[in-house]
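According to this note's numbering, the sequence shown is numbered sequentially starting from -1.
Rather than coming from a laboratory, the hints here were simulated on the basis of the structure.
Small disclaimer: the values here were computed from a predicted structure and weren't measured.
Misleading hints may appear alongside valid ones.
[To be verified] Computed Cβ-Cβ distance ranges for the label pairs, DEER-style:
#, residue 1, residue 2, range
1, 61, 33, 13 to 23 Å
2, 36, 8, 12 to 22 Å
3, 61, 36, 34 to 44 Å
4, 62, 25, 40 to 50 Å
5, 62, 28, 38 to 48 Å
6, 17, 53, 27 to 37 Å
7, 15, 62, 31 to 41 Å
8, 10, 60, 26 to 36 Å
9, 23, 64, 42 to 52 Å
10, 64, 36, 39 to 49 Å
For glycine and all other residues, C-beta sits at the position ideal for the given N, C-alpha and C.
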Amino acid sequence: TMSFSSDPMALAWDILDEQYDHVTRRPGFPTRDEWSAQYPQLAEAEEAEKAEKAERKSQDHQQQFTTQENA
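Please model the entire structure based on the sequences and the hints provided.
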């Protein structure tokens, strides 16, 4: 599995900027919110991914707490 140190979607925007000479800062380029409004399926997928990540983090925290409690 792949692991990221920060939000993969934010990293994707950073990579897009770096690769295409700061394209996201150019006039007329949609903001992330505009992009999400234009492509709702991508926005839904991003929200689902964020929810799944939050759930995994919560489960990991609970597992660590339980492990420490039983030690």
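Hints, one by one, checked against the model:
1. The hinted window of 13 to 23 Å between residue 61 and residue 33 is violated, with their beta carbons roughly 36 Å apart.
2. Taking the beta carbon of each, residue 36 and residue 8 are about 19 Å apart, inside 12 to 22 Å as hinted.
3. Roughly 39 Å separates the CB atoms of residue 61 and residue 36, a value that falls within the hinted 34 to 44 Å.
4. Taken as a hint, the range 40 to 50 Å holds for the pair residue 62 and residue 25, whose Cβ atoms sit roughly 47 Å apart.
5. Range check, residue 62 to residue 28: Cβ separation about 40 Å, and the 38 to 48 Å hint holds.
6. With their beta carbons about 32 Å apart, residue 17 and residue 53 fall inside the hinted range of 27 to 37 Å.
7. Our hint of 31 to 41 Å for residue 15 and residue 62 holds, since their Cβ atoms are close to 36 Å apart.
8. For the pair residue 10 and residue 60, the supplied restraint of 26 to 36 Å holds, since their beta-carbon distance comes to about 30 Å.
9. Between residue 23 and residue 64 the C-beta distance comes to about 46 Å, which sits within the given range of 42 to 52 Å.
10. A beta carbon spacing of about 44 Å between residue 64 and residue 36 agrees with the range 39 to 49 Å that was offered as a hint.
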